[in-house]
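Those sequence lines, one after another, are chains A and B. Counting in our numbering, the first sequence runs from 69 upward without gaps. Counting in our numbering, the second sequence runs from -17 upward without gaps.
Check the hints yourself; a few may be wrong.
[As the list claims (entries may be wrong)] Cross-link-like lysine to aspartate or glutamate pairs, in silico, EDC-like; alpha carbons within 16 angstroms at most:
hint, chain 1, residue 1, chain 2, residue 2
1, B, LYS226, B, GLU253
2, B, LYS226, A, ASP126
3, A, LYS121, A, GLU160
4, A, LYS101, B, ASP240
[Unchecked claim] Among chain A residues calculated to face chain B with C-beta under 7 angstroms, some are:
hint, residue
5, MET69
6, GLY78
7, ARG98
8, GLU116
9, ARG174
10, ARG179
11, GLN180
12, LEU181
13, ARG185
In short, the hints are calculated from the structure, not lab data. Glycine is no exception: its CB is placed at the ideal position from the N, C-alpha and C atoms.
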Amino acid sequence: MKIGVLAVQGDFAEHIAKIKSAGHTAFEIRQPKDIPVSIDGLILAGGESTAMKKLLHDLGLFDPMRELIISGLPVFGTCAGMILLAKRIEDEKENCFGTMDITVRRNAYGRQLGSFRCVDKFNGKNIEMPFIRAPYVTDTGSNTEILGIHEGRIISVRQDNQLAAAFHPELTGDDTVYDYFYSMIAGNSVR
Amino acid sequence: MNNQYQLNKELAQMLKGGVIMDVTTPEQARIAQNAGACAVMALERIPADIRAAGGVSRMSDPAMIRSIQDAVTIPVMAKCRIGHFAEAQILEAIEIDYIDESEVLSPADDVYHVDKTKFRVPFVCGARDLGEALRRIAEGASMIRTKGEPGTGDIVQAVRHMRKMNSQIRHVVSLSEDELFEEAKNLEVPYELIKQVHETGRLPVVNFAAGGVATPADAALMMQLGAEGVFVGSGIFKSGDPEKRASAIVRAVSNYNDAKLIAELSSGLGEAMVGINEQEIAVLMAERGK
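I would like the entire structure built from these sequences, with the hints used as guidance.
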């Protein structure tokens, strides 16, 4: 599989290391010319979503990437990546790609002192989850499948070709979420 | 390793590839966020003004820091004086996202740094070489930056610090296992950290460039030298068109190898900060806190 990782800001290198360790091909996307004709999946890394959004527009990446997502390319967003995909962001008028029918709350657990690690379920399996100044989902559309809830808050969701997590699987030794994404790419979802 | 320290190192990982900007007002903080800053450093006076004003420079008014926390959604950092753990406690109490124990302010202790292991909130510290970096990490710093020479707009010291650190890391990697004990002694750092550098070929935490970054080219230079992101202090709000310069530097960091793009970004930016050469200044801030 050839998976592109948005590499304008954030922990994209950690995602790339994960993909490579699973034996797949990973490459950085910093400009439109980095998007190849054949691409199997797209990852939106953790980082600061406001910085990424600004750079997506300034570097001309916004339109081509949004088209790819709308055309059905499997996409996986973690933390900031989830905010980029969300249709609605609480207390804000503008979204970014706005392709996923969810409402997210930014910095939902507070500032850095509210960051935490826990073990909870993703698609029925217990995994380690680091939350860093993380968002969570406050509302979902009818077409959205909830894959994980932590203490009553929705933290991972899927809608068709789009997968989003409020936590950072790229910062753990566990591959469960990636395997789920690879299976979305392979077209034989495990759900 | 405790849980909070791990999370604090990971917050620094989220900042990678980004630009952290010095701001003195909520308005500047919003400009920085809109320009694509990945975090802001809240302080009353930017380094160039601290240098010009002279006198003792302290932690900023918590009310002013709070007004900046309220103005933006990105992480907010603030500076405490070297060794001033009471200032650090205040910054933790207002839930700052990162404390910069900074040589830009007047040092409060000429022997000891803050024992950062006593805090839950993360710390970034300056370092001129590998020894300083690993001593700060041993004290609990979860992020490192070069010291550069703040407030000068002169990149020479940041380059010197980054090159020295890289060359020392390469040296540690090249040593044989039984030589690591002696190297730990030479650098005055814990053996465990030297061993980690030997095995991984990098610092155990994220390393940013800071001090003297004034142009997109300066930022690209530091990134190509191995910085994982950039602090810009006086360079933005001391320049002719802060908004334009800020977003140009952000874009330069995201594509630091693309000279054509950086040529475009560097065009028509207006006046850069005036700048002072290192030979012309009386106080070398980078000499503070070793």
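Non-conforming hints, listed in increasing numerical order: 5
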